[in-house]
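Chemist: As they're listed, the protein sequences go chains A and B.
With the first letter of the first sequence counted as 1, position 87 gets the number 87 in the numbering used here; the numbers rise by one all the way through.
With the first letter of the second sequence counted as 1, position 50 gets the number 50 in the numbering used here; the numbers rise by one all the way through.
Read the hints as simulated data drawn from the structure, not as lab findings.
Computed from a predicted model, the values in this text were never measured in an experiment.
The C-beta atom is built at its ideal place from N, Cα and C for all residues, glycine as well.
Hints may be right or wrong, so weigh each one.
Partner residues are not named here, just some residues of chain A that face chain B (Cβ under 7 Å, in silico) [what the hints assert, rightly or not]:
(1) G42
(2) L43
(3) L45
(4) G51
(5) Y64
(6) G105
Cut-off 30 Å, straight-line C-alpha distance, at most; resulting in silico cross-link-like pairs (DSS-like, lysine-lysine) [unchecked claim]:
(7) B/K37 to B/K54
(8) B/K56 to B/K68
(9) A/K57 to B/K114
(10) B/K71 to B/K56
(11) B/K54 to A/K96
(12) A/K96 to B/K107
(13) B/K71 to A/K57
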Amino acid sequence: DAGITQSPRHKVTETGTPVTLRCHQTENHRYMYWYRQDPGHGLRLIHYSYGVKDTDKGEVSDGYSVSRSKTEDFLLTLESATSSQTSVYFCAISPKANTGELFFGEGSRLTVL
Amino acid sequence: DQQVKQNSPSLSVQEGRISILNCDYTNSMFDYFLWYKKYPAEGPTFLISISSIKDKNEDGRFTVFLNKSAKHLSLHIVPSQPGDSAVYFCAARGRYGGSQGNLIFGKGTKLSVKP
């Protein structure tokens, strides 16, 4: 077990409010990722981090920001949530270098009303 | 435009028979292809992968075949078991520097294995 926890696991919020999702790992891996999963789209990369304070954008980064102040924590922030950001969000780490293999957390289901 | 395509949204197979899940891709620069399995309300779990320099990789009941000329890969599950019922995602990794985990996922195929 690679030791990823996501919080909160479920959240309902209103349009325009800020939301922060937290990903915590106990394995000291360098790379961490945020993906979203939507029906008809599979999983899409939002942002990733390759070290403390080192982050970069993924395929669907608009409307999201991230921060990584410690190796173990990777935060995803929606500054002003919109209904199109209703989704299931997955955090992931790379336990094996150079293989593309990811270990995912259990997901955070976000509903924006 | 989709770079990784899983054209079958669902597949139903009898227990004990072979399940074949298919995936097509468009980008010849992908260097790794992976299959993930996902149960409801859980995160995806890694199943098996194949490097672009190989054409087959086997792990127990699971075998992945890669046909580079056709830009096609398939996952074979033999024999299929009811516990294999899940959504299967095909994913590909670009052959570029930077993140190891920038995967492009297909939309998934829901496999149902009937007892």
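Chemist: Please go over all the hints and tell whether each is borne out by the structure.
Modeler: Checked hints:
no.	hint	result
1	G42	holds, 4 Å
2	L43	holds, 4 Å
3	L45	holds, 6 Å
4	G51	violated, 11 Å
5	Y64	violated, 16 Å
6	G105	holds, 5 Å
7	B/K37 to B/K54	holds, 22 Å
8	B/K56 to B/K68	holds, 11 Å
9	A/K57 to B/K114	violated, 42 Å
10	B/K71 to B/K56	holds, 14 Å
11	B/K54 to A/K96	holds, 19 Å
12	A/K96 to B/K107	holds, 24 Å
13	B/K71 to A/K57	holds, 27 Å
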